[in-house]
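The hints should help you fit chain B onto chain A, whose structure is shown.
Each chain, written out:
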Amino acid sequence: MDYNLNHLKELEAESIFVIREVAAEFQNPAILFSGGKDSILLTHLARKAFFPAKIPFPLVHIDTGHNFPETITFRDELVKEIGARLIVGSVQDAINAGTSVEEKGINASRNSLQTATLLETIEANKIDAAMGGARRDEEKARAKERFFSHRDEFGQWDPKNQRPELWNIFNARKGFGEHFRVFPISNWTELDVWQYIHMEGIKLPNLYFSHKRSVFMRDDVYYAETDFMERKDTEQLEEMVVRFRTIGDATCTGATLSGAATLEEIIQEVASSRVTERGGRSDDKRSETAMEDRKKAGYF
Amino acid sequence: MEDKTFNSAEYMSMELMRFTTAGSVDDGKSTLIGRLLYDSKSIYEDQYEAIRKSSEQKGEEYVNLALLTDGLRAEREQGITIDVAYRYFSTPRRKFIIADTPGHIQYTRNMVTGASSANLALILVDARHGVVEQTRRHAIIASLLQIPHVVICVNKMDLVNYDQKVFEGIENDFKKFATKLDVKDVRFIPISALVGDNVVDRSKKTPWYEGPTLLYLLETVHIASDQNHIDCRFPVQYVIRPQSNDFHDYRGYAGRIAGGVFKKGDKVLALPSGFTSRIKSIDTFDGTLESAFAPMSVTITLEDDIDISRGDMIVRENNVPTSGQDIEVMVCWLTDKPLQLGGKYAIKHTTRNARCVIKEVKYKLNINTLHRNEEDLSIGLNDIARISIRTTTPLFYDSYKRNRNTGSLIIIDEATNVTVGAAMII
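Listed in order, the protein sequences are those of chains A and B. Each residue of the first sequence is one higher than the one before, counting from 1286 in the working numbering. Each residue of the second sequence is one higher than the one before, counting from 116 in the working numbering.
Worth double-checking, as some hints may not be accurate.
As the list claims (entries may be wrong) - Here are the simulated DSS-like cross-link-like pairs (lysine-lysine), alpha carbons at most 30 Å apart as the crow flies:
1) Lys1333(A) <-> Lys1488(A)
2) Lys378(B) <-> Lys1333(A)
3) Lys516(B) <-> Lys1294(A)
Everything labelled a hint here was simulated from the structure, so no lab data went into it.
Chain A on its own, in the form it takes in the complex (with noise of 0.2 Å):
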């Protein structure tokens, strides 16, 4: 008989492990839940590994407050039916109470702010090991990201001075204050991701499916309208059969024209696809390093 895995299952296999061992390791680990594909996949892996008992740590969700309200509604019945323990960490508290800064004009978005309040919310609830569904194919900064990503005291990345991954075998050591970010899925890419929630049959929010929405144009990316972004006079808003590649805060994340209405569809899209899916995020696109800066700073 051939032993063999096919390259999800093995990948599932590498995922379960590096969830288990963050278990294992460390005192108080959490998932970062963003509410988009890649942390509810990780969190069903999360539900795979510890199987029958449930997920022995909390999902820590950073609400912008520019939320896809599908995604908040999404998210509640989610820590419902699997029966986890549900941490906010609130940029609008933040912003309330002087510890961050709103940015101004056109093009603001609260996806900077995320930094704070996340690095705050870690401290608050004393977490050692934060997890994340972040993927190496996403960005050229993160296909060196480790799986075991260490930070100092300050919550920073040092891109030059990683601990070197060898074999699976993970270093989980670190000293006072300091914690780990963990990114189970990292070897997976969109196309993967995409494969295996066909394959397991992962609920997703609506808005990753084709339906109709009032969207306007900037910089060549449709945007959602929604009570968080203000409008110029020349962008008009139009009704398009739209869906969403990657789902963050609402004034950052661009729609894309898109008929996909199943997976099947989605899948087809996905892998013809001529635009990597972080083509519609602005935040992306303020300079050529602008994910190897914020991640410096501690963002996620």
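What follows is chain B alone, placed relative to chain A:
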């Protein structure tokens, strides 16, 4: 770029292959990876557009595909690769993970890191320069890290007029040298990464070459038996106790199988306790399994209630690993601060954390010549040495050659918590 065709049933039988690339500064490694990504249509329009603009600004003649793989700011400024970067592409047959390692500083350390999980090593040789010191070094590391397959890409064939004699000369030189190594499967391919000859498409300029293209080889090399499916090894990672009414007395041992095939009903032995029992069930979220093999992550329950915790190992009674505290290893040193003879370090082996003392440095290996230096025993960054250690608690191990999962360990500096050594058990 034309659209890919996609068949959603196809991906259920795709395999995962990991390979590492190594090359010296200018032998075109980044260009080759860029070429594989580009020709397998794994590069998106926005990525391609970004590097096209960037090449144009720098006044380069070709679109510089190497820019695709140079991620960090320092690298873009200096035009070098300073760390291991992971790249992904897939064909209908396989998904590939490339560990792209630099040809510069901290070079052994990064190459060893990239090699540790690879099925295959891709070594580039510049056709104009032939087998050089760095080629030998890469091959030695591939052999030391027991990468099952090695492919020598003789690159820049366009600059030697696709001369068969040049290619065969390099092949012979390498084979002569490789007799000293422990690599079982070596292949040679004449390519030009810049132009694309024999990378994805067969070149008309090398009619004398009858072997496969690089991509075809990567897609078809047999990797299913790269895992050990003989010696049953299950390092316990985490004990699952649900504490719920439905699973009141459930006690499951979660872990990733490090070797062999476990079956329901198998008689097993737990280390270090030595107690025996039978496998009651192999559980997953998707249901119970009749058997499970490396590298699956599963949960095992036993017929008897015996004391097992993280760091213990479940094995078959008639095939046990070596158990001991005095261990001989080949170590690659990963940090500036030299190895301290008599020094104490933390170690991690499978799921077991322990401490060790460095008892002896036997020799330092010259990784250009394989010469064993028994005079100069100072071990610093990028050095490879044979040492003996004594651990605070017994480890359950196999030789690295026999099983990469149970034959490897990392050495950690207890003051800084940095991983300082990668060790392979002899």
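These are the hints, each one checked on the structure:
1. Lys1333(A) <-> Lys1488(A): Given that 30 Å is the threshold and the Cα spacing comes to 15 Å, the pair holds.
2. Lys378(B) <-> Lys1333(A): holds (20 Å)
3. Lys516(B) <-> Lys1294(A): Given that 30 Å is the threshold and the Cα spacing comes to 26 Å, the pair holds.
Violated hints: none; the structure is consistent with every hint.
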